[in-house]
Amino acid sequence: MPCLDMGTGGGERLSEVVKRVSTVGGFINRRSSVHASEGWKPNLELATSALAEYGIEVREYDSETGEAMPWPDDFFTLVMNRHESYDPAELARVIAPDGGFLTQQVDGTEASEFRHWFGGAPQAPENRLEPCIDGLEAHGFTITDADEWTGTMEFADVEAVIEYLAYIPWDVPGFTVAGNREALDRLAARSSPIAVTQKRFHIAAER
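Take the sequence shown: its letters are residues 995 to 1201, numbered as in this note's numbering.
Just so you know, these hints were derived from the structure itself, not from any lab.
Where hints are given, some of them may not hold.
Calculated lysine to aspartate or glutamate pairs in the DMTMM-like style (CA-CA distance at most 20 angstroms, straight line) [unchecked claim]:
hint, residue 1, residue 2
1, K1013, E1054
2, K1035, D1056
3, K1193, E1054
4, K1035, E1120
5, K1013, E1047
6, K1193, D1128
7, K1013, E1051
8, K1035, E1006
9, K1193, E1124
10, K1035, E1051
11, K1193, E1120
12, K1035, D1068
13, K1193, E1148
14, K1193, E1061
15, K1035, E1107
16, K1035, D1067
17, K1193, D1165
18, K1035, E1054
Just so it is clear, the structure is predicted and the values come from calculations on it, not from any experiment.
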């Protein structure tokens, strides 16, 4: 039953999953059926190192390049994806009939407050629940569960906002402190915490 952790990051979460289920009889002998992919090179190196002790191979893959996934047709019974882009056509190719796809995604329109304060447009406004459902269904998937979540992310001060945008630059592409001094000064003058809207959604689908 091969499964894939797609966009495994540094391999931290998959490592925890492996540790938790390693007491299940026979799991150690089935480790070769667990696979991982990562598209960002710094994370790729971390994940390769973190998962090596479990015998899990990490392959480089980024759906945004347009390249095919590096596995044969009908290879996986389950693909898990957290906050990673994907190509529905490639998923339909590598997931076996009756196999599943589980994903949690960041809504492409989240944190609109940043763009109100600093300008710019969302990089992936199409990454929302309904368009993603439509894309999967168009490639033969049946949606078995889907839901949305909205919450709030708070920053204690302007310095925390600047640090966050340095770490997550795609929320405000091209952001600089010098270019947004007035907006930052207005935020700094607030007496309440600085808050932006978080949006997430998840989809469970079967092929």
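Comparing the hints with the structure gives:
1. K1013 x E1054: Judged against 20 angstroms, a Cα distance of about 23 angstroms means the pair is violated.
2. K1035 x D1056: 10 angstroms, holds
3. K1193 x E1054: 28 angstroms, violated
4. K1035 x E1120: Given that 20 angstroms is the threshold and the Cα spacing comes to 25 angstroms, the pair is violated.
5. K1013 x E1047: 11 angstroms, holds
6. K1193 x D1128: This hinted pair holds, its Cα atoms lying about 19 angstroms apart.
7. K1013 x E1051: Roughly 16 angstroms separates the two Cα atoms, so the pair holds.
8. K1035 x E1006: 16 angstroms, holds
9. K1193 x E1124: The hint holds at about 14 angstroms.
10. K1035 x E1051: 15 angstroms, holds
11. K1193 x E1120: 13 angstroms, holds
12. K1035 x D1068: 27 angstroms, violated
13. K1193 x E1148: Status holds; Cα separation ~14 angstroms.
14. K1193 x E1061: Roughly 29 angstroms between the alpha carbons, so the hint for K1193 and E1061 is violated.
15. K1035 x E1107: At roughly 30 angstroms apart (the allowed maximum being 20 angstroms), E1107 and K1035 break the hint.
16. K1035 x D1067: 25 angstroms, violated
17. K1193 x D1165: 13 angstroms, holds
18. K1035 x E1054: 8 angstroms, holds
Going through the hint list in order, the structure does not satisfy hints 1, 3, 4, 12, 14, 15 and 16.
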